[in-house]
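*Asks:* Residues per chain are reported as follows:
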Amino acid sequence: MLKRITKLTLEYRWHFTASAVFAFTTAVTSLFIPKLLGQGVDDAIALIEGRNASRGEIESLLLTTALLVVLVSTLRGTTGFGQMFLGETLSQRVSNQLRMLYFDKLQVLSFSFHDRVHTGQLMSRGLSDIEGVRMFVQSGLVQIVRVFVMLVAAAIFMVQIDLQLAILSLSFVPFMAYRSARLRLQLRKVWREIQDALGDLTTTMQENLAGIRVVRAFSAQKYEESKFEVTAREVVELRMNAARTQARGGGAISFSFLIAWAVVLWVGGEKVISDQLTIGELTQFFFYLALLRFPVRMLIMIINSTARASSAGGRIFEVLDIPSEIADDTSSAPLEVTDGVLRFDNVSFSYGDAPALRGVSFEASKDHTVGIVGAPGSGKSSITNLIPRFYDPTHGTVSIDGTDLRKATILSVRQAIGLVEQDPFLFDGTIRDNIRYGDVTASAEKVVAAASIAQIHEFIDSLPDGYDTELGERGVGLSGGQRQRVAIARTLLTDSPILVLDDSTSSVDAGTDARIRGALKELTTGQTTIIIAHRLGSLQHADEIIVLDNGSVVERGSHDELIALNGHYRALWDLQRGRGVEGGE
Amino acid sequence: MSTTSNNSPQTKQPNRQRPANAEEEHGKLNESDEEMFAQLDSTVFKRFFYYASPYKKQMLIATLAVIGFTLANLALPLLVKFGIDDAINNTNSNLLKVIAISIVGVAGIYWFTNFLQNVLITRVALTVLYDIRADMFLQLQRLALSFSDKTPIGALMARMFGDVGALQEMLESSIEIIGDVLTLFGIIVILLVLDVHLALVTLAIVPALFLIRIVWQPFARRAFLRMRRNSSVVGVYLDQNVSGIRVVQALNRQEENTGIMGGKVHTFFWSAVRASRLGGVLMPTVELMTGTALALVLVVGGGRVLSESIEIGTMVAFLLYVQRFFEPIRTLTMHYALLQRAVASGHRIFELLDIPLEVEDKSDAKPIGDITGRIEFKNVTFGYDPARPILRNISFVAEPGQTIALVGPTGSGKTSITALAHRFYDVQEGSISIDDHDIRDVTQQSIGGVMGMVLQEPFLFSKSVLENVRYNTLNATREDVVAACRVIGAHDFVMQLDDGYDTTLEQRGSNLSVGQRQLLSFARALVADPKILVLDEATANIDSYTERIIQDALRKLLEGRTALVIAHRLSTIRNSDQIIVVQDGGIVEIGTHDELVASTGLYSQLWQTNYTSFDDIADNANDLTGMPASST
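Note that the protein sequences, when read in sequence, are chains A and B.
Residue numbers 91 to 675, in this note's numbering, belong to the letters of the first sequence in order.
Residue numbers 73 to 704, in this note's numbering, belong to the letters of the second sequence in order.
None of these hints come from the bench; they were simulated from the model.
Even for Gly, the Cβ is constructed at its ideal location relative to N, Cα and C.
Incorrect hints may appear among the rest.
Pulled a few chain B residues facing chain A out of the computed Cβ check, cut under 8 Å [as the list claims (entries may be wrong)]: (1) L148; (2) Q211; (3) L212; (4) L391; (5) G521; (6) D552.
Covered stretches of chain B (chain A as the covering partner; in silico rule of three or more C-beta atoms under 8 Å from a C-beta of chain A) [said to hold, decoys possible]: (7) 352-360; (8) 657-664.
Working from the sequences, and respecting the hints, build out all of it.
*Replies:* Next comes the structure, spelled out in structure tokens:
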């Protein structure tokens, strides 16, 4: 995972190089400071002992060293700023690119994916996991350059002074490397668990908010709280686990580092006593060690962000790598709709193991309406899902004007089909934005025309803000029937040659339903219409009615033919009529 | 945030007016920059401390650990100084060994206290955040439904996760912040003890640093807040697109949406760049200060060494301390970004927690206890916006066991009547009582216990069928659930699912048809077995095929219960004991079907209209939805 993140980061070659150069410069300039300070101490000692040079000379030497310290510090500050700023910018670029990739992927992934994976899970990946990757790029990839350069450069400087002491001073490094590697593995596992638990918590929250009316209706707040508590507690425990692991591992690293101080003081001190080393040189060692505090501290942070990024990155790439089951290939050609003939040829389909459709065949053409009836679970919705190619059939073909949908580009297929679903989703934004969703350039007149056919114009017009009225999530501000009508207008606006109405007026009263159908018939021509309805009256004038049972077509024909057939349809019809009678006709 | 900001939405967001028949703005979350800035940071911190106060003991131990840690940290240069001055300069090898061993001891203390402080502070931080998140959750459960209706789930999720996450980062790094501050003071003390003269010269530059910070702070603050907000905008948009994915794909909006998302991401990016520039700009300043201080130590300290006022080891210690002195300042600068984020997030969190509840239990509210199930509306007037009542002077009585059918055109107020019966909102005038209890005098929890509801849209959780049907009736056994499903007629299709009652439903039950979901929500109400049942056009979506099953189930469901039904089925309406015709927020007719048909009122007109336009199937119950099936 880290490799892929790194690869992604390296696409911003210049940004990365620039921040790496700044990191490098910062590290190197940092190391000059101990050298200068050590030199200063030596100068001061020289002053006391009054050897080699006159006092004035040494004083001016000390002053020069002091000025150099100021200069180098300023340089370090400036390059440090450059590194931090560029690193942050780079990390934002990478995470934003990842965000866009993720967004685009979610938009094209097939419905079977979206059915399977909960919105909460997708959100938690899109928000916290991408942030985890960003932190890695910022504090991992760029800082690691600095840490590495500092360690190496410090080693070189130290070796130049005294090889033995240098080796002793840096003796903590192998231990640190070993502990870091182990810590990274431990943390990666913990982070994966944390992220999964956070995903669960997000799901719990999301469902609670989406189903808030059910929660209220059953006064289930206590129950929901306990559900929340369990998941939230788990997140707390896992995070504690991570903190403990990190504190343990990080502590061991810091400890080994401090031991190096003791060793340097002891061995170095002995060397000074036996005149193998000057006090100034020993001081330099301490300044180097003081300086190495920063990379040691950073390293622990880096390990954590790296561990988090490898699991977060895993969760992101997992989604990015899923091949969309429905995708264009090189041979896909745009679909040209001429006669609007939609044909199901011996179509079988299943979501999982249980078949949803078995050998369904029918045909609908321009200016014709095909009605589909059947019990819940009989396969009506599966047909709706196959027409815009939200899924592919397991056997048989779905074609428009003789072209197998699998051979046409997805865009052209979906442009040809206008689908209105029973429980339509409306977006945050104005009613106008919602109606224009499929065609943002549509004129105001066109919007009004579509709304009028859907019998919703008058209502919208009566609102204080009219078409500019804002809708909340899922359009709860509108009733079910109003939402369905806005959705119908939204689909009508796209002028698709094939219209699929999936029980799309179930919450609209019968009178309005009839007016919508009347207006559709009157104002649109040349459309192929598929209507799925539980209200048999809505289908009565259909050119053909298909009766589904358990995934198969059991009857077909016009209303009169089906009544005469005396089968399923007739039974259903009588059932509906019968109840009217039973109700006290 | 403050209560005032919640009540002044119209001027801030003129475009967020609601439809006339929809609920009005209530307790809306504030999103404007200006009001954020008006708040003082200290209020946010005070609230944090309030949450942290139960964990005083842990915090005390953690603070002790931090002090121990800081002392260990500060002892190191001092030990080096003693090593140089007392041991090396006096060629005392034994003392050198002792000092080296003490450094090992200090390292041990460092390790231990570091572990202790990390674990303790993390524990407190996580627990505090857990408490805050739980309070937010609770608040969301109690806020009026109008709030949930108006606030995008994505925005709430951003607060629950993004903002709480920002707080967490801040609290967890607070150990470092505390340690840094302590180190700062510790160094000042040690420097003064070592050599007052040199210390004063070195510290002379500190005030300049504070001055710079004061100028810088407001700019940085604004930039961080803006970045935060833009980030939440991106989150909300992502959420919308995931939730509405079917529409996005059906209408080929991918390209357009990518453009919009790109724009939002772009805006966020630039605000982040700006924030990071402001965050980083302090760095060169601090470095310059450090350099200057070091230079001063060299020059002034060198002079002092020469005049033998201080030893060389003291100068080394000074140089080591001065580097450390600015290190906390440097990391504090880095942490400042975190702190800013946390304060901004804190505002957004407390803003949510501070929205006043519109419906609250009275302090002396008691459980409603056993009831017969009589409901009375007495002169009830109600509007989501009190200035615009949508129900006027509603009075009726439902005797125990009676079924009341509510009919009327879209937007007439039927749903509001049912919502009021459950006390989702409080009435402005008049009263609603169950048996002899005014519902404002009893606990809301207990109302939920005696009243069940079947909603217009069945909502199922991604849990097993069993858990969905049992839902809040925790004492219901598996057998109870199966029995309820049998009565409703859901048992057969449930058994056909892969794992029967243990099948986990997909998001919003998308692996079931709408009709099947509806049946399960019926079963859920049956398991709850309430004395009073509110049915909100729940039957509208049921497929004709299951009509008969549903009719039977409904009859069983209504048996022995008082029911308020927003009805569409002729049989339901006609079998009801009373039909209440609602129009424009008032009751225009009450009576039985026969009485009302005999009159020339609205009901009879609706009946007639329907009859003529659907005369060929007029006796079809399902098509006699003469009463608009939709309402709010």
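*Asks:* For each hint, tell me whether it holds in the structure or not.
*Replies:* Tested hints:
1. Proximity of L148(B) to chain A holds as hinted, the smallest CB-CB distance being about 6 Å (cut-off 8 Å).
2. Residue-level restraint check for Q211(B) is violated (minimum Cβ-Cβ distance to chain A is 11 Å; threshold 8 Å).
3. With a cut of 8 Å, the hint placing L212(B) at the interface with chain A holds, because the nearest CB-to-CB distance is about 7 Å.
4. At its closest, the beta carbon of L391(B) sits 5 Å from a beta carbon of chain A; the interface hint therefore holds under the 8 Å criterion.
5. For G521(B), the shortest C-beta to C-beta distance to chain A is roughly 6 Å, which falls under 8 Å, so the interface hint holds.
6. For D552(B), the interface hint is violated, since its Cβ never comes within 8 Å of a Cβ in chain A; the closest pair sits about 15 Å apart.
7. By the rule of at least three residues with a Cβ nearer than 8 Å to a Cβ of chain A, the coverage given for the region 352-360 of chain B holds, with 8 such residues.
8. Here's how the region 657-664 of chain B fares: 0 of its residues keep a CB closer than 8 Å to some CB of chain A, so the rule of at least three is not met and the hint is violated.
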